[in-house]
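Undergrad: Sequence:
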Amino acid sequence: MWRFAVARTFLRALSASIIITVFEIERERLETHFGNFAYWALFLLLAAISLGADTVGDFLLENLRWLRLLVLADEDIEGAWLDFAVEKATGNIVNYAWVTITYRQGHFRFDGIAWYVPDNRLLRWEARQTAYSEGVLYYRYTIAPPGWFSRTEHGAGAVEFKRSSGRRRFDQYAGQFIDEYSRGCMDFGLRAPRELELRALSDESKLALVREFADRQLPVVRVSLGLGTMR
Numbered sequence: 358m359w360r361f362a363v364a365r366t367f368l369r370a371l372s373a374s375i376i377i378t379v380f381e382i383e384r385e386r387l388e389t390h391f392g393n394f395a396y397w398a399l400f401l402l403l404a405a406i407s408l409g410a411d412t413v414g415d416f417l418l419e420n421l422r423w424l425r426l427l428v429l430a431d432e433d434i435e436g437a438w439l440d441f442a443v444e445k446a447t448g449n450i451v452n453y454a455w456v457t458i459t460y461r462q463g464h465f466r467f468d469g470i471a472w473y474v475p476d477n478r479l480l481r482w483e484a485r486q487t488a489y490s491e492g493v494l495y496y497r498y499t500i501a502p503p504g505w506f507s508r509t510e511h512g513a514g515a516v517e518f519k520r521s522s523g524r525r526r527f528d529q530y531a532g533q534f535i536d537e538y539s540r541g542c543m544d545f546g547l548r549a550p551r552e553l554e555l556r557a558l559s560d561e562s563k564l565a566l567v568r569e570f571a572d573r574q575l576p577v578v579r580v581s582l583g584l585g586t587m588r
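Plus 357 on top of the position in the sequence shown (first one is 1) and you've got my numbering.
These are computed hints drawn from the structure, not numbers from a lab.
Please read these numbers as outputs of a predicted model, since none were measured by experiment.
Please note that the accuracy of each hint is not assured.
Simulated restraints on C-beta separations [to be verified]:
1. 447 to 479: 20 to 26 Å
2. 447 to 515: 18 to 24 Å
3. 541 to 572: 20 to 26 Å
4. 557 to 475: 18 to 24 Å
5. 488 to 430: 15 to 21 Å
As a list, the in silico DMTMM-like pairs of lysine to aspartate or glutamate whose alpha-carbon atoms are at most 25 Å apart [as the list claims (entries may be wrong)]:
6. 445 to 415
7. 445 to 554
8. 519 to 476
9. 519 to 544
10. 445 to 476
11. 445 to 419
12. 519 to 435
13. 519 to 468
14. 445 to 536
15. 519 to 483
16. 519 to 432
17. 445 to 528
18. 519 to 572
19. 519 to 536
20. 519 to 433
21. 445 to 572
Glycine included, every Cβ here is placed at the ideal spot set by N, Cα and C.
With the hints as extra help, turn the sequences into a complete structure.
TA: As structure tokens, this is what we get:
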């Protein structure tokens with residue numbers, strides 16, 4: 358995304374500025390000991406920065422959460438989210454999910470657990486192929502029951518992150534996805550409170566929290582689909 362590209366450019370310029378500053382401070386001593394070779398060394402260092410700064414920048418962004426927070430600011434989306442999906446045609450809940458968004462290998466990714474309502478089964482859900490831009494996350498996902506030999510299902514979708522009134526950073530999202538049966542679903546998410554995110558909750562406790570969120574939102578969702586009235 359463009360904010361990370363700007364951060365890499367800034368890190369490259371900062372590194373080059375530091376080397377040039379040090380060179381200017383120590384120029385007389387370097388010229389005394391190395392002559393014209395000192396200028397060649399400076400050129401080689403700056404060339405190395407130009408070639409390697411993106412790699413260094415990616416490493417820092419990948420491993421320093423506070424740096425990503427600084428770069429993303431109010432567009433930060435990492436953390437735990439309560440999520441539920443509704444089939445467009447019926448307004449019925451398809452699944453409840455506890456989703457964690459992390460940044461790995463240059464991309465955001467979803468990982469989580471989901472309770473698939475039609476079959477009453479627990480699934481592992483993940484999206485490793487993603488693209489994020491201007492508050493919208495596009496993704497392709499896989500979902501399967503726990504276990505090595507489980508059948509994996511696939512789908513694709515997108516969610517748009519939003520802020521509640523008075524909130525500084527994104528705290529909710531809404532979007533759509535299509536599963537491999539070409540069934541269209543609407544997807545809704547709410548950022549999990551920080552104290553819950555830090556607690557070691559069981560899968561059952563996580564999904565119970567998601568159900569509470571979904572039960573509050575479902576009447577509004579059904580009205581928006583023209584499938585019911587609010588009580």
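Undergrad: Please verify whether residue 519 and residue 572 have alpha carbons no more than 25 Å apart.
TA: With a Cα-Cα distance of about 20 Å, the restraint between residue 519 and residue 572 holds, given a limit of 25 Å.
Undergrad: Starting from residue 519, check that the Cα of residue 468 is at most 25 Å away, please.
TA: Holds: residue 519 and residue 468 sit about 20 Å apart, inside 25 Å.
Undergrad: Quick one, are residue 519 and residue 476 close enough, alpha carbons at most 25 Å?
TA: violated (31 Å)
Undergrad: Just to be careful, I want the Cα atoms of residue 445 and residue 554 compared with a cutoff of 25 Å; is the pair within it?
TA: Answer violated: residue 445 to residue 554 is near 30 Å, above 25 Å.
Undergrad: Is it true that the CA of residue 519 sits at most 25 Å from the CA of residue 432?
TA: holds (9 Å)
Undergrad: Does the alpha-carbon distance linking residue 519 and residue 435 stay inside the 25 Å limit?
TA: holds (14 Å)
Undergrad: Hint check: residue 445 vs residue 528, CA-CA at most 25 Å. Holds or violated?
TA: holds (23 Å)
Undergrad: Taken at face value, is the distance from the CA of residue 572 to the CA of residue 445 at most 25 Å?
TA: The given pair, whose Cα atoms are some 17 Å apart, holds under the 25 Å limit.
Undergrad: Against the range 20 to 26 Å, how does the distance between the Cβ atoms of residue 541 and residue 572 compare: consistent or not?
TA: Because 22 Å falls inside the window, the suggested range holds.
Undergrad: Within 25 Å, alpha carbon to alpha carbon, are residue 445 and residue 476?
TA: With a Cα-Cα distance of about 18 Å, the restraint between residue 445 and residue 476 holds, given a limit of 25 Å.
Undergrad: Do the alpha carbons of residue 519 and residue 536 lie within 25 Å of each other, as the hint requires?
TA: Status holds; Cα separation ~24 Å.
Undergrad: Residue 488 and residue 430, beta-carbon distance inside 15 to 21 Å?
TA: Check passed, 20 Å falls within 15 to 21 Å.
The structure does not agree with the numbered hints 4, 6, 7, 8, 11 stated previously, though it agrees with the rest.
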